[in-house]
Structures are given as C-alpha cells and as structure tokens.
Amino acid sequence: MIEADSLSRAYGERWAIRDVTFQAREGEILGFLGPNGAGKTTTMRILTGFLAPTSGRAVVAGFDVSEKPLDAKRHIGYLPEVLPLYDDFTPSEYLTFVARLKQVDGRKIRDAVDHALTVCGAADVAGRLIRNLSRGYRQRVGLAQALVHDPAVLILDEPTSAMDPRQIVEIRNVIRGLRGSHTVILSTHILPEATAVCDRVIVINDGAVVAVDTYEQLAARLRGSEKTLVRVARQGGDLAFRLERIPDVLRVITGSAQRPGVTPDSGSSREMIVEAALGKDVREEVARAVVEAGAGLLELRPLAMSLEDVFLRLVTQEDAPAEETAGDGPPAEGQGRAG
Amino acid sequence: MTGTLVIARKELRLLFSSPIAYVALAMFFVVMGYLFFGLVFVSYTNSVLQLQGTPPADFDPTRIIFTPLFEDASFVLILLVPILTMRLISEEDRTHTMELLTTSPVTSTAIIMGKYVAAFLLFCVLLAISAYMPLSIAVVGRLDWGLLASLYAGLLLLGAAFLAIGLFASTLNENQIVAAAVTLALLLLFWVLGFAQQPNGPTVLSSLSFADHFLSLTGGLVDTQDVLFFLSTAGFFVFLSVLALESRKWR
Chain A
72 MIEADSLSRA YGERWAIRDV TFQAREGEIL GFLGPNGAGK TTTMRILTGF LAPTSGRAVV
132 AGFDVSEKPL DAKRHIGYLP EVLPLYDDFT PSEYLTFVAR LKQVDGRKIR DAVDHALTVC
192 GAADVAGRLI RNLSRGYRQR VGLAQALVHD PAVLILDEPT SAMDPRQIVE IRNVIRGLRG
252 SHTVILSTHI LPEATAVCDR VIVINDGAVV AVDTYEQLAA RLRGSEKTLV RVARQGGDLA
312 FRLERIPDVL RVITGSAQRP GVTPDSGSSR EMIVEAALGK DVREEVARAV VEAGAGLLEL
372 RPLAMSLEDV FLRLVTQEDA PAEETAGDGP PAEGQGRAG
Chain B
6 MTGTLVIARK ELRLLFSSPI AYVALAMFFV VMGYLFFGLV FVSYTNSVLQ LQGTPPADFD
66 PTRIIFTPLF EDASFVLILL VPILTMRLIS EEDRTHTMEL LTTSPVTSTA IIMGKYVAAF
126 LLFCVLLAIS AYMPLSIAVV GRLDWGLLAS LYAGLLLLGA AFLAIGLFAS TLNENQIVAA
186 AVTLALLLLF WVLGFAQQPN GPTVLSSLSF ADHFLSLTGG LVDTQDVLFF LSTAGFFVFL
246 SVLALESRKW R
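If you read the sequences in order, they're chains A and B.
Take the first sequence: its position 300, counted from the start at 1, is 371 in our numbering, and no numbers get skipped.
Take the second sequence: its position 157, counted from the start at 1, is 162 in our numbering, and no numbers get skipped.
If we strip away everything but chain A, and leave its shape as in the complex, we get (with noise of 0.2 Å):
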C-alpha cells in the first residue's frame, strides 16, 4: 500500500534522510519511530508529496507520488505536525472546505463532514470558531482533516502531541479502529503509543531506518539471552552453583556481582538474574533449584526489555547492540528492573 523505495533528501550539503526504505501493507498501522530530527517529518512530507525526494521513489495506493501526484493524493489523508487550520472557519466550515478539496462528491460532503466530525470527538464543537478552540479539540478536528475523504492512507505526524492522556486514550481508539479498512503511519517519539496501537515499528535514527519490525521481535533481536529476576527471602550457599548448573542456563548475576561493593547479606543479594540461551525457557528449574536449595522464593519474573530499552539501544549503540560483556557492568534491562 506504501512503499518507500531508497528516499532520500537532501537540505543544501546536510542529509535529512538517506536511503530509507520500507512497505506499509494494506490495513496495518505502522508506526513510526525516532528522535527529534531523525527525519520523521520529512520521510511522511515525500510520501504526501509536500516535499520531492532528492532521489528515490515513493509509491502510495499504487501510485507515484512524483509521476501521478494527483492520483496518489487522492487517496491519502495526512495530518502535518503543524496543524493546517483556518482560525476564521468553524469546524464544520473547516472540513466542508476540505471535503471539497479532496473531492468529496457533492451530496456527500456533509455526511462525510458530520462522520468525520463524530468518530474524532468534535462535534460538539462544530459550531465554534477553530481559533477559540483548546489545544485538544484543534488536534482533534485536525484529524478529522485527515479521514473527512475516507483515504485509503492515512499519515499522520505525531497525532497526540498535546493531548492530555484522556484524549489521548479516544484518539488512539480512533487510530485503532482504522486497522484493516486503512494503512496508517504514524509518527511519535511517546514510545508506549507505539506499542500500544502499532502492528510494526519503524526505528529511524539521524536519517535512517534502523529498525523495522514488530515490537516484540524487535526486543527479542536486541536481547542477547533470556532473563529471569529470581527473589529469594534467604540466601542459600549453594544456589548459586545450582542454577548455574541447570541446562541452557549461561550465567547468574548476584546482587553484588551487580553492584560491586554491596555485602553480600545486604538485600539486593537475595536477588539475582538468570541469564540463559535464547529461546529456552529455564523458570521451570530455576523455581525447583531455589525450592531445592531451602532459599524461599518470592519472586520468579522474566525480565522483557522495555520498548525504552529497545529504542535507546537502537538509536545509541547501532554498532555492537546485542553483546553485553560482564566486564562492562550490567546490561541495562537488569539494571532498571532489579535495582
């Protein structure tokens, strides 16, 4: 449905993006993901044809944005991190006029307007002028911009900036009953909206696509081994060597392997990961060597990285993300977890 296809641009000598490429298939929302001035913004002003590439090629609904502009921006509804709207106009004047520039059949203009109005929550501001609305309600009826034509693409940059988390839960409902009917890119850099509406992620750092993939893959590609947080009320002598000793089982970090310098009978010693070989899930034996060993399990957990933790890694270390090395302290998901 939207296919990115080696876009880059270029702002005088300074690259915005270089090389980006990627597919949206029909009726997924993609999200898309980066720090400020990764090129966020500027990858979604190619595919709407605001901006042209300096090389590459971007289709939409099957048509090039360069070659059929016309066609392609038919079929796209696009919300720009600046709202587009006239303070002059009310809502429903707003999305009228829009309804028309999209070219919205006559007779149609007004159920299009009044749904668009509803699904976004703005209707009962419709009759209001757009420059004496909140903040919320112009993202909203910004949005209700985008799908007033029924597109069958939809991008959206950042659409919940400035919304307070209320708003926010509605319009990702909004965004989540377009799954299937549309393809959807949105863009933000509030990491839990990511997860939390998209089907894939897109990473894009400095100008690259550093990532793309599902969240949970994402996670699993970045984690060297999988991670267990054992919490024991005793520390028992040999449990250590036991779990080191069970199958798959790589290592076990103590709580004062962790943090060099804490005696081992203070608290955070009972406390300890176990790391073992991808894939392989050790929790099983791990809850029968600590029951073994008399140490009084209280807590069994699997340690998931975080979509934090997953981003830092992607958008700070791209060179060497999966090896951590005992030497170079603990890896960063131990350290925020069990800590």
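A hint or two may mislead.
What the hints assert, rightly or not - So, partial list: chain A residues that the calculated Cβ filter (under 10 Å) puts toward chain B:
(1) W86
(2) F93
(3) T119
(4) F121
(5) T125
(6) R128
(7) V130
(8) P140
(9) A143
(10) K144
(11) L154
(12) E164
(13) L369
Worth flagging that the hints you see were computed from the coordinates, not collected in a lab.
Since we're looking at a predicted model, the values are computed, not measured.
Glycine is no exception: its CB is placed at the ideal position from the N, C-alpha and C atoms.
Position chain B relative to chain A; hints supplied.
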C-alpha cells in the same frame, strides 16, 4: 478547474471574515470620494464658469472629471494592491495551511489561480461599487459612455497586472509585511520605468512602463497593444507564482 473554484471560494470567505477587505474598501472609497468631490466641485465648476454661454461641441464633462479621476486611481491602486495581495500565499505559509493545499489533489496552478481569481473578484467588487460616481453624474447630465468604458477597461487591466505582481511577491516570503513591501517596490518601479526614457532613444523603457500604457487607455483609446501588455504581464507573473510554488518541493 473545480480546485480553482474551491480555493477561490474559500479565499473570498476568509477575505471577508478578516478586516483586511473592509479596510481596503474603506481606504479606496475615502480617497476616491475625496478626489471625485474635488474634481466635480472645483475642476468641473471652474471649466463651466469659464465657458460663458453655450458649451462648444468638444466640451466633455466625462473627460474633465473621470479621466483625471481614473489616472489618480492608479496611484491609489499602487498603495491598495499590496494590502490586498500580501496575505494571499504568505498567510497560508504562516499558518502552515499550505501543507494541506499542496498535499490535496489539486495542482499548483489551481492553487495559484484560485488565489488570483479571488483577489480579482474582490477588485471587481471594488470597481462595481465605485460605479456610483459616474452614475450620480449620469442622473444630472450626459456622459460619454464610450470613454467611461475605456476608463473602466483600463483600470480592470491595470488591476489584473498589479494583482498578479502582488501574488507573486506573496509567494516569496511568509512575512506579509515583506510581501507588501516587495509588491509596492515592484509596482512603483514598473510605474516610473518610463521616466528615464530618452526623448530620442529606443522605446524599451516606456513600452515596459505601466504609466504609458495606462494613460493611453484613460485617454479613451483602447489599443490592442496596451490590452495585450497588461494581460501578458498578468499572465507572466501568475506563471512565475506557479513556478515559485512548484519549486518549493525541491528546496
């Protein structure tokens, strides 16, 4: 074509919901009304007093009142047009609504033409209302309708060219003040271009000058050369505006 109309309609609606249209109309009518008053009660009255008896065959109130009035109107336009056109594109840039327009299924030509049509229609409204001046004279005397038609044609053509220049200036900068200043400078330049004409030299400068072409129309002479000059100037600057808008994709 529909894109042009949709944008023109929106533009007119926005023009009349902001104070700019009303300020421009008011400014135009205050100045024009004063000039008209002066011409009728001073120039015309003086020439009638000098007649002493029946007027000769070539006595023409239209030429005494309206030819100078429309010549002065051109100066009013030089000040008025920048105000009318400064926001056309600049405002869309400032509010980022240009991103909506250029990502909609309309061509750059349709966007520019829509803007131009809207500005031109507003200008036509201005001229239509100004018709009260000749009509009020027509009630009490006879008018030279041919000369009057030529005067209006001249002002329409001049306005068409001026508005195109203003539109072009507005595509250059998102700051309205800068757009207005550039327009004013361009209009003045084109107006005074003929002043540097050597009496016996080549006529390049005077044939590019708005003043020279306009003055032949206000004299009652509708020459295709002048008509074509204004139309092609308007077309040229509209074309430049389309190019300026289209080129932004590549910047």
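**Item:** Unsatisfied constraints (hint numbers, rising)
**Value:** Violated hints: 1, 2, 6, 7, 13; rest satisfied.
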